[in-house]
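Q: Note that the protein sequences, when read in sequence, are chains W and P.
If you're matching positions, the first sequence starts at 1 in UniProt numbering and goes up one per residue.
If you're matching positions, the second sequence starts at 1 in UniProt numbering and goes up one per residue.
Hints are not guaranteed to be accurate.
Copies of one chain are not kept apart here, so a pair can be met inside one copy or by any two copies together.
[Unchecked claim] Straight-line C-alpha distance at most 27 Å; calculated BS3-like pairs for lysine-lysine:
1) K377 <-> K337
2) K159 <-> K477
3) K337 <-> K46
4) K23 <-> K477
It is worth saying that the hints were derived from the structure and are not from the lab.
The primary structure of each chain is shown beneath.
Protein chains: 2
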Amino acid sequence: EEKGGNSLRVLVATDCHLGYLEKDEVRGFDSFDTFEEICSLAVKNKVDFLLLCGNLFHENKPSNSTLVKAIEILRRYCMNDCPVQFQVISDQAASLQNRFCQVNYEDPNYKIGLPVFTIHGDQDYPTGTDNLSVNDILTAGNFLNYFGKTDLGCTGVGKVTVYPVVIRKGETYIAMYGLGNIKDGRLKRMLHEPGAVNWMQPEFQDETPSSDWFNILVLHQKRTRGSPGDAISELLLPRFVDMVIWGHEHECLIDPQEVPGMGFHITQPGSSIATSLINTEANPKHALFLEIKGREYRTTKIPLQSVRPFEYAEVVLEDQVDVDPGDEASIHEHLHKVVSNLIDKSREEASSSGSKPKLPLVRIKVHHTGLSTINSKQFGQHYVGKVETPQDILLLTKSGQRLQTMQESCNISEDLCPNELNQQTVEALIADSNIKPQVLPIDDFNSALHEFVEGDDKRAFHACVQQNIEEAILQEKKSLTRERTSSENLQTDALGVFEKQKRSTTTEEQRALDSDDEPIESSDPEESGGSQQAGKKRRAAPGGGSAAAGARRKTDLAAFQRVPVKEDDAATARKRRPPVAAGRYGAVIRRRMPK
Amino acid sequence: EEKGGNSLRVLVATDCHLGYLEKDEVRGFDSFDTFEEICSLAVKNKVDFLLLCGNLFHENKPSNSTLVKAIEILRRYCMNDCPVQFQVISDQAASLQNRFCQVNYEDPNYKIGLPVFTIHGDQDYPTGTDNLSVNDILTAGNFLNYFGKTDLGCTGVGKVTVYPVVIRKGETYIAMYGLGNIKDGRLKRMLHEPGAVNWMQPEFQDETPSSDWFNILVLHQKRTRGSPGDAISELLLPRFVDMVIWGHEHECLIDPQEVPGMGFHITQPGSSIATSLINTEANPKHALFLEIKGREYRTTKIPLQSVRPFEYAEVVLEDQVDVDPGDEASIHEHLHKVVSNLIDKSREEASSSGSKPKLPLVRIKVHHTGLSTINSKQFGQHYVGKVETPQDILLLTKSGQRLQTMQESCNISEDLCPNELNQQTVEALIADSNIKPQVLPIDDFNSALHEFVEGDDKRAFHACVQQNIEEAILQEKKSLTRERTSSENLQTDALGVFEKQKRSTTTEEQRALDSDDEPIESSDPEESGGSQQAGKKRRAAPGGGSAAAGARRKTDLAAFQRVPVKEDDAATARKRRPPVAAGRYGAVIRRRMPK
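Just need the whole structure built from these sequences, with the hints factored in.
A: Dropping the structure here:
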């Protein structure tokens, strides 16, 4: 099947971590190699667009070198004459966060054949007074369509309103909800608090009703399946969604899995590069080729060939029959045998896949009883030229810690994000010193410190102070306004206008909240009357094509309506026509991986 | 006269310092406002291209916010349907340093109506192992044509070869030689050393002979007119040049001035923003509208309206009749009068120019005898809301320093570049501690430290070590090769190839050096025979249009020839037909500034 028709073709990949280990003369190129492969796969499979789920960049302030390489790759693969065969029919200013307020391929001065959509992750999240991510630079340069950006403000839990990018291709409608990374703890609280996360639904006259759309949620968070902690449980996500594309987790669990009772499937593509030498990163990396037609989809997992091979094994010394725990030579011999086997395995896989071989990464986690010691660096000397970082092959742990290994796959994210630890140290420090900050909330101070140190954002503290001052002024003004009981005395200066906007949005949201018990299709005369009036103010959704793009671009919040909460209870979700996976649309095709 | 025809229209501006004071909520926008004005002037005057002479950015690693704003401005003004009416006919890979190896408007996937050419300055100079400037990011994104980039290597004085961008518009040919900033001391030594700076001249068959071209040199250095120090004397520049466009110096000396005996004119456009509160920055800022037809040119200075007004005065307290040096009140009264007059002057100028008024900067340099003290901060309190940085109005100096004020205009660059001072401190530190670095040359260590601190380049030390190692390997290989007396045993790995290239260039240069006494037009049979042979290997220069662009892009060093040194002595320069300023081509038009 080719690019035209009703079937939307998407290549999904995530966590490319461009610039990871960029100082390493060998591994420094890995992230770019694989990102280039992903782009080439998108072109080869004639997809409509490439969808990335955050952490395209390893840092929010990447080096000039990383930016140049990234731009060069995007320019080479995305800029061409191929016609784009889908339309973004929702309000682009609301769902695409750039000052040009439009999807990149509609700019008549560019020939873009492969649009790329991305949200931000935890490494490339927006910072500073301008709330800018490195993705904004590439969006300004018209290389990316950056969506899912939120501005939470400083006080309280905060509130986000998620406007989907609604894509039409022939008779297929896709509403793509993007939620760039928010600190897990905070998002968790927000998802628990009613009304803190608002999922908006645009309405179009004379179009396929939204119940026939395919709803995708793209997010970038720590994921738990039941276990506690700060991670986001899939059970907290809204039920109206048909498919969740989960970024951040590096393990490849790319085959869509149904979540019982929630009415959606989750695909977790996994990173395109291993950034930790842990078990789950050793699984083969994939991109996902996703085809959607109406409310049916099919997926094809595509193995990434350019990924540096990574072999992982665990050895419990006391369980090995050929090892005498007191005899260092026998330990060495055994471990060398394990490493050699892994190197052989890696070579076989590389030769069968036909890709240009890269030196593999090898990691052996050795559980010992503490009696003998092994010099990892000396051990690695044998593998110079055979293994990429020979000094890192062995990871020694005392057997006491062995019990935890089973739970390790759940905790991998902690290995990836040591940031939280640092922050706790700061909090502890403040607690220890018995300091009680009077001016800035500790949370904000923490965030600013984190952004300053980890995000290399020199303006972090400035932004933090600024936001708090603005927030304070707003609060002050609001209380003044309330006393006056009229908004007519509001000054028309910038802050006033901003507040007005904020207030009108709040009213909008309030209205949506009031109608929580009534879905949009409600026959209640008062409600539907109101919504029809709103409908008149709305402009009709254009039939497609970029001629009407200009009219469509202006933010027109009236065109959006909060997704009715009624759909959000399990009973309705079950009644609703479920998304069809591998149904009459065709069987799921899976390319088998070489074992 | 319109865009077509034989007359090339260029807008010249420099030192825009995008991102200067970006944390300042008011002045942070100044650099962008004026850069936007410059771009709009380019569009309004229908120029063929915009030429910038370095320091487009204030830092080589600007914040995400600065990058986004810069890209947005370039995108708004440069991307459009206007046809570009000139051709770059020289080898683009040699003179434009980007991996796409072509001038930006020839990329068929972009509609570029206003090409921008720039060299780098001292603030946005390329750093790191990749030798990348922020200008490379914008070049990768196809917003800039970055030229004049050199890679000096680490050892010795170094050598640069400058390939011009040769532009043809109708019958007008311009060879534009770009020389991005090199440390003044180093460039000075290079300009003194024969053969260290090689000015290349491309040859085209069936084209206007190069003696009829208009040669422009664009550079970004400290400038002296006679006085010693590290700055570059205009007498060191090559005489074959017709016009020198001098960046870096912030004072606007934009009217081309002839340099006696050198055969060229110099225009020093001056920065588009004041980055120091000194005398020379208070002069009105301008852009230069330059028209070139054949070997004739005319210039029009265009005042920049968006520049924040800056008023400067010097007061010698003991010379004032109404001031009693012992009476603080009389001093205050006098200074307030001076400030008020400057504010009034600034207002009048703003209203006559019709631009949206910005609060002015005011600086009074007060020479006192040390008897009375004035609190600058308290003094400034009176001007909150009237002057932009009221606390900075007064600069107090003891009269002993007064004698130096006359020389100040020569020393302004030192105020702009405190970097040198820091470096001297480091050198002093090393000398004091009696450390003798064995591994890295002190110079390189200094540069790396400077890049690390000032350029915010985390990889500076890495790059420094890397380059020294590579250099050492090269030296080693070279000496080995010499022993073998044959180059056939050279390994074909990357280093080998690099060395080969280097060696062949050297041969080329050697040949050029050998023929130093013979100009290209020489009738010596052997010489001209050799050059004709070279001519056969060369591809014929395309007649224009982008169809032949592909063929033209490949680096073809044979097409370049060093500018014969014979032209470089004064006698020949005098004999040569001089460039005609304001000749029969039309009178020089000057827009008068409001006084």
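Q: Could you figure out if K159 and K477 sit no more than 27 Å apart (CA to CA) within one copy, between two copies, both or neither?
A: within (20 Å within a copy, 64 Å between copies)
Q: Taking 27 Å as the upper bound on the Cα-Cα distance, should K377 and K337 be classified as within, between, both, or neither?
A: Answer is within; shortest intra-copy Cα gap is 17 Å, inter-copy 75 Å.
Q: State whether the alpha carbon distance between K337 and K46 is at most 27 Å within one copy, between copies, both, or neither.
A: Answer is neither: 45 Å inside a copy and 73 Å across each miss the 27 Å cutoff.
Q: Under a CA distance limit of 27 Å, which applies to K23 and K477: within one copy, between copies, both, or neither?
A: Result: close only across copies, 25 Å inter versus 50 Å intra.
Violated hint for the displayed structure: number 3, the only one.
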